[in-house]
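Colleague: In order, the protein sequence lines correspond to chains A and B.
Numbering of the first sequence is given in the numbering used here, commencing with residue 1 and proceeding in unit increments.
Numbering of the second sequence is given in the numbering used here, commencing with residue 1001 and proceeding in unit increments.
Keep in mind the hints are simulated off the structure, nothing from the lab.
Where is the CB? At the ideal position from N, CA and C, for every residue including glycine.
Worth double-checking, as some hints may not be accurate.
Result set (EDC-like, lysine to aspartate or glutamate): computed pairs, CA atoms no more than 20 Å apart in a straight line [to be verified]:
id, chain 1, residue 1, chain 2, residue 2
1, A, Lys437, B, Glu1201
2, A, Lys396, B, Glu1083
3, A, Lys27, B, Glu1015
4, A, Lys27, B, Glu1083
Residues on chain A that point at chain B, a partial pick, calculated with CB under 8 Å [stated by the list, open to error]:
id, residue
5, Ser16
6, Tyr31
7, Glu263
8, Leu339
9, Ile358
10, Tyr387
11, Leu388
12, Ser389
13, Gly394
14, Ala441
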Amino acid sequence: MPSHWQIESVLSRIQSIRTEIERVAAKDHPYAEPGIVYSALLLVLDRSEKKVTQALSLYPKNPTLGDRATVVTLETEDKVLQDVAAIFNLADRVDSARIPFEIIRALSWAAKSLLQARCHTIIRLDTVYTYSIWSCREKFEEKDFGRQWRLAVEEIGSSIEDPVPLLGFPSTAAGSTLLHAIAAHEFAHVLKNERKSDISRKLDGLAISLTTNRCNSSADALDGYARDTTIRRPGVSEKEALKLRRDQLEDSIKVAVRFWFSEVFCDLVAARLVGPAFLAALDRLTPTSADSPSLTHPPISVRRSLVSDYLQTEIPNLPLDDVWQDVLRSVTAGDDIDLPWIICEEVITEGAPKISQIVNEVIISSPFGWVTDLNAFLASVEESLEYLSPPSAGLKLAGNVEDANYFWLLMFAAWRFRLTPKKFEGFKQTYGWTERKAEEALSNLLLHSLQSIELRSRWLEKYGTGLLATAKTT
Amino acid sequence: MVLDYSQLQKRLRPEIPWGSRLVIEPFLSEEDPASAVAASIDFHLGNRFTLLRSRRDVQHDPLSKFSPITSDRRQLGDIVTRELFIPMGEAFTIHPGQIVLGTTLEWYRFPEDLVADVIGRSIWGRRGLLIVTAQTVHPLSSGTITLEMCNLGEVGLRLRPGVSIGQLVFHKVQGSEDKQDPAKVRKYSKFAGTLRPSLGEYKPSDVESFLLWQLE
Chain A
1 MPSHWQIESV
11 LSRIQSIRTE
21 IERVAAKDHP
31 YAEPGIVYSA
41 LLLVLDRSEK
51 KVTQALSLYP
61 KNPTLGDRAT
71 VVTLETEDKV
81 LQDVAAIFNL
91 ADRVDSARIP
101 FEIIRALSWA
111 AKSLLQARCH
121 TIIRLDTVYT
131 YSIWSCREKF
141 EEKDFGRQWR
151 LAVEEIGSSI
161 EDPVPLLGFP
171 STAAGSTLLH
181 AIAAHEFAHV
191 LKNERKSDIS
201 RKLDGLAISL
211 TTNRCNSSAD
221 ALDGYARDTT
231 IRRPGVSEKE
241 ALKLRRDQLE
251 DSIKVAVRFW
261 FSEVFCDLVA
271 ARLVGPAFLA
281 ALDRLTPTSA
291 DSPSLTHPPI
301 SVRRSLVSDY
311 LQTEIPNLPL
321 DDVWQDVLRS
331 VTAGDDIDLP
341 WIICEEVITE
351 GAPKISQIVN
361 EVIISSPFGW
371 VTDLNAFLAS
381 VEESLEYLSP
391 PSAGLKLAGN
401 VEDANYFWLL
411 MFAAWRFRLT
421 PKKFEGFKQT
431 YGWTERKAEE
441 ALSNLLLHSL
451 QSIELRSRWL
461 EKYGTGLLAT
471 AKTT
Chain B
1001 MVLDYSQLQK
1011 RLRPEIPWGS
1021 RLVIEPFLSE
1031 EDPASAVAAS
1041 IDFHLGNRFT
1051 LLRSRRDVQH
1061 DPLSKFSPIT
1071 SDRRQLGDIV
1081 TRELFIPMGE
1091 AFTIHPGQIV
1101 LGTTLEWYRF
1111 PEDLVADVIG
1121 RSIWGRRGLL
1131 IVTAQTVHPL
1141 SSGTITLEMC
1151 NLGEVGLRLR
1161 PGVSIGQLVF
1171 HKVQGSEDKQ
1181 DPAKVRKYSK
1191 FAGTLRPSLG
1201 EYKPSDVESF
1211 LLWQLE
């Protein structure tokens, strides 16, 4: 039977988490979206507090009845507190001045044309050197806090349908706008989640059918692998143990392949939007030692090879010249990969053309096919950068959603400039900069351009042709 | 010679060679009769601000780290800065006596033969807001312009990013016909290519070093 103090301690924990959430919520957050997360979490805590207080009030009256009910309440609310803490942990570093807040509106604007929905992006700094994305709504629904999320969204007059992605930037590289080319991959996850019935159904169906076929055709090899890796527990016959291990292997392969299909889908979306710049950014983020498969991600070598194939076959007008040679180079994965991973790799390679088709159906026009003269665009961007002028200044915008294509094209062009030794060295030498300072200036020019195209496009959308557009057309 | 609006318009065209081209990004002004006769271009307040904050036992000396005199180099508590990002549609208050560094929303890239004076709008000046102390933007400068804003009035002032806070008056530099090269941007500005307002590091010139530390 839980003591009175055990119940009190849960109440204290609720109060402690509430105080911390309120403290963080009171900070100078530039945008309102983190407030939705905090409000929703506080509503969850209110609910917990009510339940625990009720349990406490029952305690002395009916120890027998109160005992069972109290135990259940305490266990449930303990889990709720853990979930609240986990979500709060994702949203408590969203106000740092190191966050390039300038990119948020532009990113949401670019994502809007991709998702066909208004998007409210929150950026947080991740202490781990990686990118991540979470859908706030899904996260709350997953933890059974969907009602509180809805109430918090309604409180600020927003629409429950609008996605609120929580995008994690690696803390130590938040200032590098070039690296944010990876946002294209992360937003593909949101795209997939928002159109779950459509994209996920196709990807999952494909993954299951190909995995089943491959497991059937590799049945002997899998049996052998299962025999070699089975550990028989006491009381379980050898035959049973072998069957259990064999089933477990096939299930693990199916789970991994589903994750991998999702990741490759996002990689190909990123490739369609920013071309090989996605791989260039990925190279910066992932050390070569990380080139091993995991349950959730295929090895980098496989991802690189699939993206490279996609770029060459599906975006024929993209100039994959020497600049991208290193980025697109094929890397052979190690030989010591276990059989289940080999099967996953075979399935993902076999499924890649079908995933490409799904990507092309979702994003019909690639920015590379949209821009009238890609070479002229690249030449103009590079010249602007050489003269320390934001490359967006030379772009003629239309004032509609198609302008968002420039968001991705500028990312591509800036990476191309960075990776062209002659151009970047010249840039450094002209201004007497170190590599770090030159990259910082390049990042600033890119960031300012991304912010400017969003402002200019929306200005044109509202007021029509402005002065600069008039000057250019005359 | 002050350039009028039509001359500035010509400088903004993309077909103008880089030596003479002025870049302003984003440039949202509409073509209107009032602008067409003006001899300046308005600029807008950007989103980034740096606040200077005092601490206990502060002694700020921007030259101390260059001083050969040991006692001068002694590190006492210095002022600290805090950055803020205020999005469009939001505001923050600059209090009486407070100094805040801000930036222009626009990025400027100056040609070889133009300088500009940064001038605050009187609508703000009359309310006690001084927006700039370093008034001249040199040829080949590139980046957002840092504004040193101080509220000299007696009441707090609400500042909103995007507000038209000042203007640039452009002058032609005489003798600039001699070809210059973009590398000269080094000579003019250590802030080239920057976005965020910062205190910057004071680097004494040879003359200053001589006058400050080398005379008996």
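Colleague: Determine for every hint whether it applies to the structure shown.
Modeller: These are the hints, each one checked on the structure:
1. A:Lys437 with B:Glu1201: holds, 15 Å
2. A:Lys396 with B:Glu1083: violated, 33 Å
3. A:Lys27 with B:Glu1015: violated, 47 Å
4. A:Lys27 with B:Glu1083: Holds, because 13 Å separates the two Cα atoms, which is no more than 20 Å.
5. Ser16: Result: violated, 28 Å to nearest chain B Cβ.
6. Tyr31: Hint on Tyr31 (chain A): holds, closest Cβ of chain B at ~6 Å, below 8 Å.
7. Glu263: This interface hint is violated because 32 Å lies over the 8 Å limit.
8. Leu339: violated, 51 Å
9. Ile358: violated, 36 Å
10. Tyr387: holds, 5 Å
11. Leu388: Given a least distance of 4 Å, the restraint on Leu388 (chain A) holds.
12. Ser389: Result: holds, 4 Å to nearest chain B Cβ.
13. Gly394: Holds - the Cβ of Gly394 (chain A) comes within 8 Å of chain B, reaching about 5 Å at its closest.
14. Ala441: holds, 3 Å
When held up to the earlier numbered hints, the structure conflicts with 2, 3, 5, 7, 8, 9 and fits the remainder.
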